[in-house]
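Take a look at the letters that make up each chain.
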Amino acid sequence: MATYFVRRILIAIPTLVAISFVIFALLALAPGDPMAQFATNPEVPPAVREQLRASLGLDQPMPVRYVKWLFALAQGDLGWSFAARMPVVEFLAQRLPQTLAVVGVAYLVSIIIAVPVGVFTAARPKSWLSHIVSVVSMAGISLPTFLSGTILLLIFSVLLRDSPFQLPMIYDTQLKVKDFASLLQQFRQSLMPIIVLALFNAGAMTRFVRSAMLENLPLDYVRTARAKGLTEGVVILKHTLRNSLIPVVTLVAVGAPAVFAGAIITEQIFRVNGIGELLITSIQRSDTPVVMAIVFIFAVLVVLSSLIADVCYGLLDPRIKLS
Amino acid sequence: MSKNRIPILMTVSVATSVMLAACAPAAPPPAAPAATVAPAAPAATAAPAATAVPAAPAGKRGSGGTLKILYWQAPTILNSYLASGTKDFDAARLIQEPLAAVDPDGNIVPVLATEVPTEANGGFTKDKMSITWKIKPGVKWHDGTDFTADDLKFSYDYCIDKATGCVNIGRFTPIDKFEVINPLTIKLTFKQPNAYPWQAFVGSNGYVLQKKQFANCIGDKASKDADCQKANNAPIGTGPFKLRDFKSGDVVTYDFNPNYHVADKPFFKEVIFKGGGDAPSAARAVFQTGDTDYGWNLQVEAKILADLQTGGKGTLRTSVGPNVERIMYQPTDISPEAGDKRGELGTQHPFFSDVNVRKAFSIVIDKKVMSESLYGPAGDPTCELITWAPYISADKLFGGRNDCTKPDFDTAGKLLDDAGWKKGADGIREKGGKKMHVIFNTSVNALRQKEQALMKDAWTKLGVDVELKATDAGVYFGAGPSSNDNIAKFFVDIQMYTNGAGVPDATVYMCGFASEFVAQKANSWGGENNLRYQSKDYDALCSAMKAEQDPAKAKDLALKMNDLLVAKDYAIAPLIARKNVSGMAKDLKGINMSAWDSEMWNIADWSR
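Protein chains in written order, with this note's numbering: chain A, 1 to 323; chain B, 324 to 931.
FYI, nobody ran anything at the bench for these hints, they're computed from the structure. A couple of the hints might just be wrong.
Between beta-carbon pairs, the in silico distance windows are [claimed, not checked]: (1) A/V67 / B/E839: 38 to 44 Å; (2) B/R567 / A/F71: 35 to 41 Å; (3) A/K178 / B/A717: 52 to 58 Å; (4) A/L100 / B/D466: 46 to 52 Å; (5) B/K626 / A/D77: 47 to 53 Å; (6) A/F21 / B/R567: 53 to 59 Å; (7) B/K891 / A/F71: 44 to 50 Å; (8) A/P97 / B/K784: 55 to 61 Å; (9) A/V67 / B/K784: 53 to 59 Å; (10) B/K784 / A/L100: 52 to 58 Å; (11) B/A549 / A/T3: 36 to 42 Å; (12) A/V135 / B/T633: 34 to 40 Å.
Stretches of chain B that chain A covers, calculated by requiring three or more beta carbons in the stretch to come under 8 Å of a beta carbon on chain A [claimed, not checked]: (13) 572-578; (14) 612-621; (15) 693-700; (16) 849-862.
A quick note: this is a predicted structure, and the numbers were derived from the prediction, not measured. Here a beta-carbon is modelled for each residue, glycine too, at the ideal position from N, C-alpha and C.
From just these sequences and the hints, can you work out the full model?
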């Protein structure tokens, strides 16, 4: 088991380096400029903009910049942000709490909804509830978050304004939950983004759980279990569900790093200003060190989570041996 | 091990799609290219008004509760010398101050100075070579230490070092000698006579840094040293508010400064300066839901803005400034076949090298319709490039000295016919087998794309084959060497954007179109004159204006240059005089937006 772990991690290193190179090259080739905001500002003439770019190290050729970045990374240094002039790590640390509080919670909520609902609709495919679920989950998948988010904002912030049901348009990232009142406020301000994201995630996940269950239900071992006279509950939950969980675990594990990357659009709509918002604004202002850090950490997390998923297979299905 | 490959492939594809999304037109339109940073009073006005005393405070210092400000672009740094946009200058303004601010009329108003130096009070020498600033005594930094001339000298040293990467360096380069006469007096001597000396330490490009805090941050260390990085995001100032907490790119919170150097100010106890989202939803938050008290730069299409304003919670405020949305015509050969000569002086554009063709294009644009349907309160149609008093009064912008009020297709058609560009069988004009085809580029922005469509309609009617193009703002206004789509290279036939003078004196701005500043490959496309405008008459007017001592004559020269550009040579077609547009809660008082300074310049006077 230990050697398996070590081998997998060693294999991952060249992959990560390759990924980092591709992203760095893409960023360097992309025609952006961190000083773009000053292009039409007569107070910052072109010569000064050139100086500013040089002070950011952007006058050096791309391969030199990449090697410097890689060496710094090897020493655990992700560099400093062009826009904030502070270490990228601190920048990310400022953003992570609200991303976890919104995107992370939404992910958990969607798992908590998707598994039981998926199991139920597979077990009772003809019930009216199953029909409703399939409509809602389809809507969840197909409604883009910028649309569902805007609709929620229009209803709960604009139409219901000055009523007890009004929800804030602006997410307060400085709110500290310390008593019931602040907990309630946190609930109110994160309700809309969580609904948007949970609807989106749970839609896909429910359908995934359901189809995994439907694949297993007609199989011989299920029939055997029923023939043994086990109750329907035991057949579904103990036998079918456990076997159906393998693809679901893959989905959940591979999707989990996305929590770190945040939700670009939803975070922008509700001004949650988490990592997703940081990623997109950093891309827009060509803040290379920040983009590199987010994408690279994301890549590491994806590699790690796929490793964790593989370990989980062994626990769920003893026939799978890790070697 | 195919199972291992899948997640890795997914990572790459996710990353790639993120990058592709970045290259494709991005969603939020960075509407107004930041140009609202500026100082002082026009040389053409008499002289800076000495002390414009602002509104009386509405109560005891710090008695006003919380003020919520919303910027759809979030501040990312609070050291304005390393800023990357208007948002940073504005967020820093609550903490740090300049010696003098610039009010909406372009007058200079003392802040940390006792008075504005003028020739009349002897602070500005008759030979225009030096200026002496006297500092208000008794001003304290937030940490309780004294504010002195050493801090000014330090700020100059900090910024003038090229390795610091200071964006305000242009304000300091004219200074030849910086003398600290005594702890409360500095004397600046210029390299050459300077008719407009109120630049260093004036307005949003002139906040003073505390020497004690930044002493070890000059040069390379400004951005790289850990202590300096901390200082950049937690500056100590003299301003009405002290920093409580800053989350970069998200939110700044401030507490009022109990020792502020103006009695009984500021009114508000705390300020929350939140960033993020987009302009339309910021407008919603201020006009409809009341989630915020102040919404910055609400560049939203006129119809939507009018609709949102019915919300009842807020009102719209505008400030008139120098910013003009304009199109410019390509004078050189920019076809890819030109190779190394692409965009170089000495080559000729197939038709825009002919002034009559440029004129024909200019006189068919319906600026009135464009302004009313798209800009509404955020802009007025203009036929002039210089749009501000005292050069031109607001009512003379359209149909005043230069007339361009009505689209004139008959004249335009005749001009093109006479120039040899006759309509072919397909309705497209041609000459010598060459079709009249133009590529028209601008930044990705809903408003701009609609402006483009309006102009395309007009030119199509004229018999021109128009191809519209839109480039992501980060690329269009950027200077990435790999890109050909930026405004500096100008490798299209027509391009459109907004800019304007940085100071109320037009000399530097108008002389930016002089031949010597042309953007060429040789200077890495780094000249102000990206229009590649070449005119001996214009250059002569510029030299004359620089040397002119009489404000009235200088004003005349500036207007002559304006006329040459827009009405004689038709090198530029001004379209819309754009205003700064912000929304504020109905009960907010004391706001006095200045296009020549930060919108936050008088926040100490704000009250409820």
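Exercise. Look at the Cβ atoms of A/F21 and B/R567 and judge whether their distance stays inside 53 to 59 Å.
Key: violated, 42 Å
Exercise. Confirm or reject the claim that B/K891 and A/F71 have a C-beta distance inside 44 to 50 Å.
Key: About 58 Å separates the Cβ atoms of B/K891 and A/F71, which means 44 to 50 Å is violated.
Quiz item: According to a criterion of three or more residues whose C-beta lies within less than 8 Å of a C-beta of chain A, is the segment 849-862 of chain B covered?
Solution: As far as the segment 849-862 of chain B goes, the hint holds, because 3 residues have Cβ atoms under 8 Å from chain A.
Exercise. Could you say whether the range 52 to 58 Å given as a hint is met by the Cβ separation of A/K178 and B/A717?
Key: holds, 53 Å
Practice problem: Apply the coverage criterion to the segment 612-621 of chain B and chain A: a residue qualifies when its Cβ sits closer than 8 Å to a Cβ of the chain, and three qualifying residues are needed. | Solution: holds (count 4)
Exercise. Given that the segment 693-700 of chain B was listed as covered by chain A, double-check it with a C-beta distance under 8 Å for 3 or more residues.
Key: Since 0 is below three, the answer is violated.
Self-check item: Status of the given 53 to 59 Å range, CB of B/K784 versus CB of A/V67
Solution: holds, 56 Å
Quiz prompt | Coverage assertion for the segment 572-578 of chain B with respect to chain A, Cβ distance below 8 Å, three residues required | solution = With 4 residues close enough to chain A, the hint holds.
Quiz item: Do the beta carbons of A/L100 and B/D466 sit within 46 to 52 Å of each other?
Solution: Taking Cβ atoms as reference, A/L100 and B/D466 lie about 35 Å apart, which means the hint is violated.
Quiz item: Do B/A549 and A/T3 keep their Cβ atoms within the hinted range of 36 to 42 Å?
Solution: The hint (36 to 42 Å, Cβ to Cβ) holds, given that B/A549 and A/T3 are roughly 40 Å apart.
Quiz item: CB of A/P97 to CB of B/K784, is that within 55 to 61 Å?
Solution: Given a distance of about 57 Å, which is inside 55 to 61 Å, the answer is holds.
Self-check item: B/K626 versus A/D77 beta-carbon gap, inside 47 to 53 Å or not
Solution: The hinted range 47 to 53 Å holds for B/K626 and A/D77, with Cβ atoms some 50 Å apart.
Comparing the model with each earlier hint shows violations of hints 4, 6, 7 and 15; every other hint is respected.
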